[in-house]
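Trainee: Line by line, the protein sequences give chains A and B. Just so we're aligned: the first sequence equals residues 19 to 211 in the UniProt record's numbering. Just so we're aligned: the second sequence equals residues 19 to 211 in the UniProt record's numbering.
Quick caveat, the hints were computed from the structure, so don't treat them as lab data. The reader is advised that the hints may include incorrect statements.
Pairs of lysine to any residue residues, derived as SDA-like cross-links and limited to a Cα-Cα distance of at most 25 Å, are as follows [what the hints assert, rightly or not]:
1) A:K56 with B:D36
2) B:K81 with A:H127
3) A:K56 with B:F80
4) A:K102 with A:E35
5) A:K81 with B:V58
6) B:K55 with A:V63
7) B:K102 with B:D40
Single-letter residue listing:
2 protein chains.
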Amino acid sequence: TAKPSSMSFSNRGKTLEDELNDSNEYYNSRGIAVIHKKPVPIQIVNVRYPARSAAVITEAYFKTASTTDYNGIWQGKYVDFEAKETKNKTSFPLQNIHDHQVEHMSQIHAQGGIAFLIIRFSMLDRYFVLPFEKFIVKWTRMINGGRKSITLLEIEELSVELQPGYHPRLDYLRALPDIIEQLTVERTERQEP
Amino acid sequence: TAKPSSMSFSNRGKTLEDELNDSNEYYNSRGIAVIHKKPVPIQIVNVRYPARSAAVITEAYFKTASTTDYNGIWQGKYVDFEAKETKNKTSFPLQNIHDHQVEHMSQIHAQGGIAFLIIRFSMLDRYFVLPFEKFIVKWTRMINGGRKSITLLEIEELSVELQPGYHPRLDYLRALPDIIEQLTVERTERQEP
Ligand SMILES: [Mg+2]
Ligand SMILES: [Mg+2]
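Looking at chain A on its own, in the form it has when it is part of the complex:
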């Protein structure tokens, strides 16, 4: 027999990108936020212009992204994030992230924007919002010769976990007030004597 209620929140083979695009459409259509996935960067080498039909790109190559996957605006604030899936069950491998993406998030953070990662452990069906400020500590650990991943335990500790739902599929904006508050507290503490 069908089990609609327990099936209802399952992933149904969607990629994290699909889930985030659905969620962004939900946010957008309700005036909650305007956040879009950036197109994949392509190096176009050859284009054919057939008579009476659309131009066809006949040779092109994938370029390495110089920024993150998503950015936009929410409650007047600039939001910027990278989405990553892993099949690993116990840790998130840092080789998934490129140097220039870390550099980009660091610049966004310096400008006062909200930068974070959304990590999906696909075998566990678990989703986490990891703020850049927490991520960079583990990234720096790797740079300094430490482990090349963040353990699931660490991610549980440092992130806001998302419970996937229907509308929106992934309500990741709900994690942001917590992240912003944490940041404010830390900045204040750092300024105290």
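Following the hints, put chain B with the ligands in place on chain A, whose structure we already have.
Mentor: Okay, now just chain B with the ligands, sitting in the frame of chain A:
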């Protein structure tokens, strides 16, 4: 004989996109702002994976952009704009702008972001930053059956004109404080009895 000083600020065949990318790199490298051109959206139909070399896209098509060309963050503020060139000498044709781009800028404006157009009159070598709030009035005029362009005279009146230079080539961020102040004044006036 060479005339370096009068040639120095000439365009030298660069496109507006080149000029803006140069300017953004300048801003970025100095920590002034983080603003990037979004990649051109492409519909990929076929990809070949040759042994021992990079994947080749062998069939793809240009998609209509659903947002604007550029976005990013400046002084904690979300910035979003569309860049357009015209060869016209007396007006800016509105057919250059797509409905969904206007819709997008309108959403950004509603979220409290700074949305604008950068318009280059290439035959005149003149550049203008036209705030969305001024642009939308002329767009609405067209929707209501009025003229399908904005006259140069109107643009002179409604925009901040940019003087192209060396570093950065187009210092368009310099126009933003004026635009923000104007907006604040208008919002305050609207709230008064
Ligand atoms: Mg990604
Ligand atoms: Mg453009």
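Trainee: All hints are to be evaluated individually against the structure, with a verdict given for each.
Mentor: Here's how the hints hold up against the structure:
no., hint, in the structure
1, A:K56 with B:D36, "holds (20 Å)"
2, B:K81 with A:H127, "violated (32 Å)"
3, A:K56 with B:F80, "holds (15 Å)"
4, A:K102 with A:E35, "holds (9 Å)"
5, A:K81 with B:V58, "holds (12 Å)"
6, B:K55 with A:V63, "holds (19 Å)"
7, B:K102 with B:D40, "holds (16 Å)"
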